[in-house]
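Trainee: Below, each chain spelled out in residue letters.
Number of protein chains: 2
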Amino acid sequence: MDHYDAAFEELNPLPRLLMGPGPINADPRVLRAMSAPILGQFDPQFRAYMVQTMALYREIFQTRNEWTFMIDGTARAGIEAIFVSVIEPGDVVLVPVFGRFGNLKVEIAERCGADVKVIETEWGAVFRPEEIEAALRRHRPKLVAICQGDTSTTMLQPLADIARLCRQYDALLYVDATASLGGNDLPVDAWQIDAVSTGLQKCLAGPPGVSPITVNDRVTAVVRRRRHVERGLLGPGESQGPGTRIASNYFDLAMLMDYWDEKGLNHHTEATTGLYAARECARLLLKEGLEQVFARHALAGRALVAACQAMGLALFGDIAHKMANVTGVYIPEGIDGERVRSALLQDFNIEIGASFGPMRGKVWRIGSMGYCARKDAVLITVQALETVLAAEGFRLLRGTGVDAALAVYREAKGASPVRA
Amino acid sequence: MDHYDAAFEELNPLPRLLMGPGPINADPRVLRAMSAPILGQFDPQFRAYMVQTMALYREIFQTRNEWTFMIDGTARAGIEAIFVSVIEPGDVVLVPVFGRFGNLKVEIAERCGADVKVIETEWGAVFRPEEIEAALRRHRPKLVAICQGDTSTTMLQPLADIARLCRQYDALLYVDATASLGGNDLPVDAWQIDAVSTGLQKCLAGPPGVSPITVNDRVTAVVRRRRHVERGLLGPGESQGPGTRIASNYFDLAMLMDYWDEKGLNHHTEATTGLYAARECARLLLKEGLEQVFARHALAGRALVAACQAMGLALFGDIAHKMANVTGVYIPEGIDGERVRSALLQDFNIEIGASFGPMRGKVWRIGSMGYCARKDAVLITVQALETVLAAEGFRLLRGTGVDAALAVYREAKGASPVRA
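Just so you know, the sequences run in chain order Z and L. In terms of the working numbering, the first sequence opens at residue 78 and continues consecutively. In terms of the working numbering, the second sequence opens at residue 78 and continues consecutively.
Derived by calculation from the structure, the hints in this document are not laboratory data. Fair warning: there could be bad hints in the mix.
Intra- or inter-copy, both count: the list cannot distinguish identical chains.
[Said to hold, decoys possible] Calculated lysine to any residue pairs in the SDA-like style (CA-CA distance at most 25 Å, straight line):
id : residue 1 : residue 2
1  : Lys340    : Glu365
2  : Lys439    : Arg379
3  : Lys194    : Ala431
4  : Lys364    : Glu86
5  : Lys364    : Leu91
6  : Lys219    : Leu363
7  : Lys194    : Arg244
8  : Lys219    : Ala372
9  : Lys364    : Ser112
10 : Lys340    : Glu136
11 : Lys439    : Gly341
12 : Lys194    : Ala132
13 : Lys364    : Tyr407
14 : Lys452    : Leu91
15 : Lys194    : Tyr336
16 : Lys364    : Leu474
17 : Lys219    : Ala484
18 : Lys340    : Gln245
19 : Lys219    : Glu136
20 : Lys194    : Arg322
21 : Lys219    : Arg308
22 : Lys490    : Gly411
23 : Lys219    : Arg322
24 : Lys364    : Thr297
25 : Lys340    : Pro435
26 : Lys490    : Asp424
27 : Lys364    : Asp79
Note that the coordinates shown come from a computational prediction; the quantities given were computed from them, not determined experimentally.
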């Protein structure tokens, strides 16, 4: 059967358990919400759903930022929307790189015409505030762009001190929380972060395709100066902003603000099902409770770490600074990492992640996030990994991994009311 | 109840019948397909679905273009992806404007740094080939960018002659088929159109959020010259292209081709549910048959036209060049167009469209496309319009509209095997 004939078969994907670095299995309630009837984008009901979605994400971002809304695209669409709207050609942008998604920011900032200054730390480590301060002092950037969590390395960069330093050196701070938001604390206002973007497909338990963002007044002021309304849509008495025109229409935050605003100035046709998904992800997360969701991710992460250690597997990187929701595990010597991943997929329908760059072929990345930050998902994955590793000739005492994971969950059950 | 409290209510949109210019009600089968389990983007099953989706859209675009794939964003994301990847700063771009979406192309091309040349015709008309030829001769553009159908005016621009002229004057031709594809014939290869983009939310019966595009070898050559792979992802022995770097990462067609290609070079995380939707839209359309779907749209459009004329409503624009799937109707003198739209929405759950620009307050736009290009949808809409117009004091003989529409359907049933 060729591709064309196969295309007429009904969709029937195997029920994979997605324990990689994302995307992960979406919460079935989110997928169901996406089946709700389509509404016109200026239907009062739809506008209400938009406003509600903004309110929900303010809670998730722990912010009072008015401009907390959705970019219709995958996570990097949110990054690019903020960059292209904030960065004017020639602006100095400092990117501290501690993994692949730091490199992505370098690349996007360069395409926006930025004078990009890069500092790097080895993969598996995070930056110390002094390193950031030295770069701030030296380069005096307009914008600092950094990941909270870089899935490529599993590391979680502490941000409170960096944010304080950015204020001190009068730089805007953008944080990419795609991999981390929902699984790790990110109090945007308390830490004074200026702009954040994320995606639905990791700790928020949704499908990829929508990027929630939040920007504060400092960013809004920069963006508003560059407001150039589409031809024919400028209101009476209005004039275009004095700043340089934003190089993208689709990602123009000034126009998107007008669209998400009560005035509802026409821009794109909002992705209806995407909005439904974003709203449902946030609604379910907040119903469970932000603290509870953090704790659930922390617990799943601890169980995975305990299991790997019990099995005699070495963990990658600075474990004290690991994201709760993804764990890097060294592929043991003599074991073919891709054969293990393939057996997990073919025999168990379980997906774990490979790695990029300097970690390529050396480290697996095992996720436990969003809908998959569940006890059963962690236990099943650990058991399957034991079985496959044993079959591949890795010496381990069968059952030690899963028992260790179970012990973490049992202990937590006594100690806290967290839903596992 | 404030927005935040309301946000915790379950999604429960009213079952609107969307008979405006789009978005329209998605086919329920498409929404259901979006509930299929999420797959990892490099899962062999998912890669197969991507390849299948490309094959399906080649049929819909009537092309053999290898590069027929999806942009993860709403329809204007597809426009911008093609523009930013093809247009280098200073390139001359000719935009023939016959409605609002012509203006949008001017705006996007300007943001890409193009030297934009605009020719305009009045809203409600289309261009004659001589007008295009005069502009081609005068401006010698690299790219001509035009709508096939501009929903703002309901007009359908004939393209065969224009495409021939573009070859003659060595210009690339980009066609925005967002509003028209699936409801009106667009044989991309037969007409020698170089690039086309569309959206799912009109005649393809899906939700907004994905933009299928196709580009031929002429466009691919331009794009490939500008190939600049992301930092750290350049393969051994590969070098960056000699052309200027594309100003967007998200919309970089060269990188997107590498991602959609068998080599599957990492880029964004494909919007899983969006791909499922795109595949299902195409699969359902082709199962019904391209000719049959055109005929179904033509029939619905004829029924709507007959109904409006029977009710004594004047039609907007050059009817000989109207899209099958949307009909402009003058708001009768003395009738408040917005009161009528509001009554249709509040009392009947039916949405019809208002208009922009010079047509604002003067014309309603009634759609009959995709899943809503159905006999029952047309009849129900016409009946409701009759009722509301009568209540607003418009003099008409009740039932004339719906009887006229029904007569068109009855006549067609005798004449053709088209599913109504």
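Trainee: All hints are to be evaluated individually against the structure, with a verdict given for each.
Mentor: Verification of the hints:
1. Lys340 x Glu365: Intra 33 Å, inter 41 Å, cutoff 25 Å: neither.
2. Lys439 x Arg379: within (22 Å within a copy, 64 Å between copies)
3. Lys194 x Ala431: So Lys194 and Ala431 fail the 25 Å test inside a copy (29 Å) and across (49 Å) alike.
4. Lys364 x Glu86: between (38 Å within a copy, 11 Å between copies)
5. Lys364 x Leu91: This pair counts as between: shortest inter-copy Cα distance 24 Å, intra-copy 30 Å.
6. Lys219 x Leu363: This pair counts as neither: shortest intra-copy Cα distance 34 Å, inter-copy 52 Å.
7. Lys194 x Arg244: within (18 Å within a copy, 45 Å between copies)
8. Lys219 x Ala372: neither (35 Å within a copy, 57 Å between copies)
9. Lys364 x Ser112: both (21 Å within a copy, 22 Å between copies)
10. Lys340 x Glu136: Within one copy, since 24 Å is at most 25 Å while 40 Å is not.
11. Lys439 x Gly341: between (50 Å within a copy, 21 Å between copies)
12. Lys194 x Ala132: The answer is neither: 35 Å in one copy and 43 Å across copies each exceed 25 Å.
13. Lys364 x Tyr407: neither (37 Å within a copy, 48 Å between copies)
14. Lys452 x Leu91: Only inside one copy: Lys452 and Leu91 sit 21 Å apart there, 38 Å across copies, limit 25 Å.
15. Lys194 x Tyr336: For Lys194 and Tyr336, neither the intra-copy (34 Å) nor the inter-copy (28 Å) Cα distance is at most 25 Å.
16. Lys364 x Leu474: Classified as neither; 41 Å inside a copy, 54 Å across copies.
17. Lys219 x Ala484: Neither: 49 Å inside a copy, 67 Å across copies.
18. Lys340 x Gln245: For Lys340 and Gln245, the Cα distance exceeds 25 Å both inside one copy (36 Å) and across copies (46 Å).
19. Lys219 x Glu136: neither (28 Å within a copy, 48 Å between copies)
20. Lys194 x Arg322: both (24 Å within a copy, 19 Å between copies)
21. Lys219 x Arg308: For Lys219 and Arg308, only the inter-copy Cα distance (23 Å) is at most 25 Å; the intra-copy one is 30 Å.
22. Lys490 x Gly411: neither (38 Å within a copy, 71 Å between copies)
23. Lys219 x Arg322: both (18 Å within a copy, 23 Å between copies)
24. Lys364 x Thr297: neither (30 Å within a copy, 48 Å between copies)
25. Lys340 x Pro435: Result: close only across copies, 20 Å inter versus 49 Å intra.
26. Lys490 x Asp424: neither (31 Å within a copy, 53 Å between copies)
27. Lys364 x Asp79: Between copies only: 17 Å across chains, 46 Å inside a chain, cut-off 25 Å.
In this structure, the hints that do not hold are numbers 1, 3, 6, 8, 12, 13, 15, 16, 17, 18, 19, 22, 24, 26, in rising order.
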